[in-house]
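**Student:** Just so you know, the protein sequences line up as chains P and U, in that order.
When the letters of the first sequence are read in order and numbered with UniProt numbering, they come out as residues 1 to 456.
When the letters of the second sequence are read in order and numbered with UniProt numbering, they come out as residues 1 to 100.
Quick caveat, the hints were computed from the structure, so don't treat them as lab data.
A couple of the hints might just be wrong.
Said to hold, decoys possible - Chain U regions said to be covered by chain P (calculated; three or more residues, Cβ under 8 Å):
(1) 28-38
(2) 43-49
As the list claims (entries may be wrong) - Across the chosen pairs, the derived CB separations fall in these ranges:
(3) U:86 - P:183: 36 to 42 Å
(4) P:393 - U:23: 32 to 38 Å
(5) P:433 - U:11: 18 to 24 Å
(6) P:176 - U:11: 27 to 33 Å
(7) U:23 - P:78: 31 to 37 Å
(8) P:284 - U:86: 22 to 28 Å
(9) P:80 - U:61: 30 to 36 Å
(10) P:390 - U:61: 53 to 59 Å
As the list claims (entries may be wrong) - For the chain P half of the interface with chain U, some residues (derived, Cβ under 8 Å), not all of them:
(11) 13
(12) 16
(13) 26
(14) 46
(15) 56
(16) 64
(17) 95
(18) 98
(19) 104
(20) 218
(21) 265
(22) 319
Glycine included, each C-beta is placed from N, C-alpha and C at the ideal position.
Residues per chain are reported as follows:
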Amino acid sequence: MNLPLYVQLPWFLGALLFIVGLKGMSSPASARQGILRAGVGMVVAVAATFLVPDLHNLGLMALALALGTVGAWLSAKKVKMTDMPQMVAIYNGMGGGAAAAIAAVELARGEAHGLVTVTLAVIGALIGAVSFTGSCVAFAKLQGLLKKAYRLPAQNVVNVLLALLVVGLGAVLVLAENAGPGLILAFFALALLLGLVVTLPIGGADMPVVISLFNAFTGLAVGFEGYVLGSPALIIAGIVVGAAGTLLTQLMAKAMNRPISNILFTPISGAAQGGEAIAGSMKELGAIDAAAMMRYAQKVIIVPGYGMAVAHAQHKVWEMTELLEEAGVEVKFAIHPVAGRMPGHMNVLLAEAGVPYDKIFDLEEINAEFGQADVALIIGANDVVNPTARTDKSSPIYGMPILNADQAQNVIVIKRGKGTGYSGVENALFYTDNCRMLYGDAQPMAGEIIQHLKSM
Amino acid sequence: MDGFIAIYIFMLAAFTGYEIIARVPVILHTPLMSGSNFIHGVVVVGAMLALGRAETPLEQAIGFFAVALGAANAAGGYVVTERMLAMFQPGKRAGGKEGA
Numbered sequence: 001m002n003l004p005l006y007v008q009l010p011w012f013l014g015a016l017l018f019i020v021g022l023k024g025m026s027s028p029a030s031a032r033q034g035i036l037r038a039g040v041g042m043v044v045a046v047a048a049t050f051l052v053p054d055l056h057n058l059g060l061m062a063l064a065l066a067l068g069t070v071g072a073w074l075s076a077k078k079v080k081m082t083d084m085p086q087m088v089a090i091y092n093g094m095g096g097g098a099a100a101a102i103a104a105v106e107l108a109r110g111e112a113h114g115l116v117t118v119t120l121a122v123i124g125a126l127i128g129a130v131s132f133t134g135s136c137v138a139f140a141k142l143q144g145l146l147k148k149a150y151r152l153p154a155q156n157v158v159n160v161l162l163a164l165l166v167v168g169l170g171a172v173l174v175l176a177e178n179a180g181p182g183l184i185l186a187f188f189a190l191a192l193l194l195g196l197v198v199t200l201p202i203g204g205a206d207m208p209v210v211i212s213l214f215n216a217f218t219g220l221a222v223g224f225e226g227y228v229l230g231s232p233a234l235i236i237a238g239i240v241v242g243a244a245g246t247l248l249t250q251l252m253a254k255a256m257n258r259p260i261s262n263i264l265f266t267p268i269s270g271a272a273q274g275g276e277a278i279a280g281s282m283k284e285l286g287a288i289d290a291a292a293m294m295r296y297a298q299k300v301i302i303v304p305g306y307g308m309a310v311a312h313a314q315h316k317v318w319e320m321t322e323l324l325e326e327a328g329v330e331v332k333f334a335i336h337p338v339a340g341r342m343p344g345h346m347n348v349l350l351a352e353a354g355v356p357y358d359k360i361f362d363l364e365e366i367n368a369e370f371g372q373a374d375v376a377l378i379i380g381a382n383d384v385v386n387p388t389a390r391t392d393k394s395s396p397i398y399g400m401p402i403l404n405a406d407q408a409q410n411v412i413v414i415k416r417g418k419g420t421g422y423s424g425v426e427n428a429l430f431y432t433d434n435c436r437m438l439y440g441d442a443q444p445m446a447g448e449i450i451q452h453l454k455s456m
Numbered sequence: 001m002d003g004f005i006a007i008y009i010f011m012l013a014a015f016t017g018y019e020i021i022a023r024v025p026v027i028l029h030t031p032l033m034s035g036s037n038f039i040h041g042v043v044v045v046g047a048m049l050a051l052g053r054a055e056t057p058l059e060q061a062i063g064f065f066a067v068a069l070g071a072a073n074a075a076g077g078y079v080v081t082e083r084m085l086a087m088f089q090p091g092k093r094a095g096g097k098e099g100a
């Protein structure tokens, strides 16, 4: 396809701005500039597309653009910081859906010719469709619309058979000259189903990795459809995201010590599988005791988790931290790589509350310090501080690196109830002698502690 | 496009993506995932091309759907990323109150 310069040049500029923007986003100082540049690139690329010669349906195009943009813009502005992970999931799913739909149009028109082109169109369609329904499931799970992990009997067999079936149908689409609409429809229906079936049994604890994986998938799908449409800008943006997303997924999976294949094929289900019975009992304490313990401590390490996020407690927690610091207590925050629902999720929430970066530490940086801490305050975190992961080989979370909160002199756990974490595994930490439970929502609890601290 | 040129583009783009992410602090993982999510929103350009060449009503409907989804991916991805990164603004709060 020979496009005029006034289309090619802006597209090139768009691709360049995407790469420069993404590069900018990889450092805190230039991150905002990065997204701004990428945004300019997007506007330029979209505007230039209207100038492509011989395009029909321009009115429809403008209408669809307006609908999608305004809808997503408003919903993204409104959503709370805590709910960002699922928003990323849903927008990612939409991108995947768009890539699949592009393939559907191209295949239906029968204009895609050549083995390579049709193959890439079909692969892109498959990946995009899986990413679409998979991301929708991820959204529903994080949004709390889907509470349980649904597992079919012989889930892995079903997954593999369905995947083989879809790939087989895809191969037929590639080899058959101008496949009929029935075949195309069946292919897309099964690809969409595959995304659902693969994602439904995966527990919430693994969602960050899954979202990241689907993000990489959508990137690849976009890159492949870019080839089909003859648009290098799409290829570059899509493949860059595909590669970056794959690496990011690996980093996350490594942090959880769960190979990606493990997450997809043997998900930790709702019920605890195996795991030794734990001796001892959970011991409660009141907010006033917690306040006193921390007020007269030398060093407190706070471990925030998803419970802090859902309770929107980050502002109260920071207020509490400031009071403790005024009293001369050294306070640090310890962030597990997969705390919350996405890596870095806790960092974002704490930054929102105004906690300076220099008080926030990674697992590797802080793990040695728990031994010197008087109090480890765990706010709505569970699996990431479960010492079972170090010791019990039969536990589903065995081998996951954890924060060594159990090594602190005292451990206080703010927790809504006696339930288990997302993995469904009992937490041995809660039963140890130096651990006390503070039952309640993180926000009111932090509020109570603040009241007591002020009166001390 | 010449098939082989495209393969070179695929390769170079893959390395670029890999290199960009290789040295990223953990605190930026979520914004970066969100940012890359925005960037693949460029699929909207592809969707516009597909809709622009659609002829039958069915093709038009699917194309319309694709453009709307792609636009939502781009717009939503941008706003979410921008909101996350707004909190990393240097000097806004960083180093605010140090311990007494």
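**Student:** State for each hint whether it applies.
**Tutor:** Hint by hint, here is what the structure shows:
1. 28-38: holds (count 11)
2. 43-49: holds (count 7)
3. U:86 - P:183: 36 to 42 Å: For residue 183 of chain P against residue 86 of chain U, whose Cβ atoms are near 48 Å apart, the range 36 to 42 Å is violated.
4. P:393 - U:23: 32 to 38 Å: holds (35 Å)
5. P:433 - U:11: 18 to 24 Å: violated (58 Å)
6. P:176 - U:11: 27 to 33 Å: holds (30 Å)
7. U:23 - P:78: 31 to 37 Å: holds (34 Å)
8. P:284 - U:86: 22 to 28 Å: violated (40 Å)
9. P:80 - U:61: 30 to 36 Å: holds (34 Å)
10. P:390 - U:61: 53 to 59 Å: Holds: the Cβ-Cβ distance is about 55 Å, inside 53 to 59 Å.
11. 13: Status violated, d = 12 Å.
12. 16: The hint is violated - residue 16 of chain P has no Cβ within 8 Å of chain U, the shortest such distance being about 11 Å.
13. 26: Holds, because the Cβ-Cβ distance from residue 26 of chain P to chain U comes to roughly 5 Å (cut-off 8 Å).
14. 46: Check passed: Cβ of residue 46 of chain P comes within 6 Å of chain U, closer than 8 Å.
15. 56: Cβ of residue 56 of chain P sits 6 Å from chain U, so the hint holds.
16. 64: The hint holds - residue 64 of chain P has a Cβ within 8 Å of chain U, the shortest such distance being about 4 Å.
17. 95: holds (4 Å)
18. 98: holds (4 Å)
19. 104: holds (5 Å)
20. 218: Hint holds; residue 218 of chain P Cβ to chain U Cβ min 5 Å, cut 8 Å.
21. 265: Hint violated; residue 265 of chain P Cβ to chain U Cβ min 23 Å, cut 8 Å.
22. 319: Status violated, d = 11 Å.
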